[in-house]
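> Sequence:
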Amino acid sequence: MAHPSLAFTDHRPWPLPDQRWRWRQSWNDLAFVHYKVDAKRLRELVPAKYEIDRFAGDAWVSVVPFMMEDVAPQGMPCVFPFRSFPELNLRTYVTHGGKPGVFFFSLDAANLPLVVGGNAIYGVPYKYARMAYIQRDGVREFVSRRYGSAVNFRAMIKPLGPEFEAAAGTLEEWLSERYCLYSVGVAGAYYRVEVHHKKWPLRECAVELIENDLLKPFGLEVDESSALCHFSPGVDVVSFRPERLD
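Per UniProt numbering, the sequence shown runs over residues 1 to 246.
It cannot be assumed that every hint is accurate.
Claimed, not checked - Here are the simulated DSS-like cross-link-like pairs (lysine-lysine), alpha carbons at most 30 Å apart as the crow flies:
| hint | residue 1 | residue 2 |
| --- | --- | --- |
| 1 | K127 | K36 |
| 2 | K99 | K49 |
| 3 | K40 | K99 |
| 4 | K216 | K36 |
| 5 | K216 | K99 |
| 6 | K36 | K199 |
| 7 | K40 | K158 |
The hints are simulated quantities; they were obtained by calculation from the structure and are not laboratory data.
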């Protein structure tokens, strides 16, 4: 089954996988909040198999709140509770085998089946959280309260200015245009999941971080005042079968 995103592939850094896509989803009303971090500390946290990716010598992590919507396997309708729910990711940037991607430290989601399945099947570090997403007067408010821990998040996000696509070779492109996800499975196996979507439509944005505990469990220190922030209305995404890495 064709997916609208597959009509746009010129921006990809490598060809699409030679296989059918497995899942579709939409990542909507998304904010990127990027921070420089100490590369030595980051190296201690990321599995040695994955190389820390850097831009102009700097290592980065990103906090990414968004709405996950229309999650379904190919050829199947989307069913409750996968139609729409908030998600909140903490990620960094790695590469393996010449393919730059992202590695997740945590993924908070207000969707218990996804949390249980993601942890049990793929070893993805999903965390169950009570979450809310509110739009009011042009401002998006994301709130997350992780169950069983004191990891909380609350942000007010106001998109500013016109949409643009990140120019080739810029930091904005390096941070946003990533087409694979890396993880470590429950049995210690390493996996890569390829994804595809149109190039991100971005906007400048103002972000007020009222609470942000996501980095504390990992001992990552950042300068909140120097965060690089962007907003996106979102992209429609397909993902492919996980590939086990030798």
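> Are the hints correct? Go through all of them and say.
Right, here's what the structure says about each hint:
1. At most 30 Å may separate the alpha-carbon atoms for a hinted pair to count; K127 and K36 meet this at roughly 24 Å.
2. Proximity of K99 to K49 is assessed by CA-CA distance (about 13 Å); at most 30 Å being required, the pair is judged to hold.
3. Between K40 and K99 the CA atoms are separated by roughly 22 Å; this keeps the pair inside 30 Å, and the hint holds.
4. Restraint check for K216 and K36: satisfied, since their Cα atoms lie roughly 15 Å apart, inside the 30 Å limit.
5. For the given pair, K216 sits about 29 Å from K99 by alpha-carbon distance, which is consistent with the 30 Å threshold.
6. Annotation: proposed proximity of K36 to K199 holds, straight-line Cα distance about 23 Å (limit 30 Å).
7. As the CA atoms of K40 and K158 are separated by approximately 33 Å, the hinted pair breaks the 30 Å bound.
In summary, the one numbered hint that this structure violates is 7.
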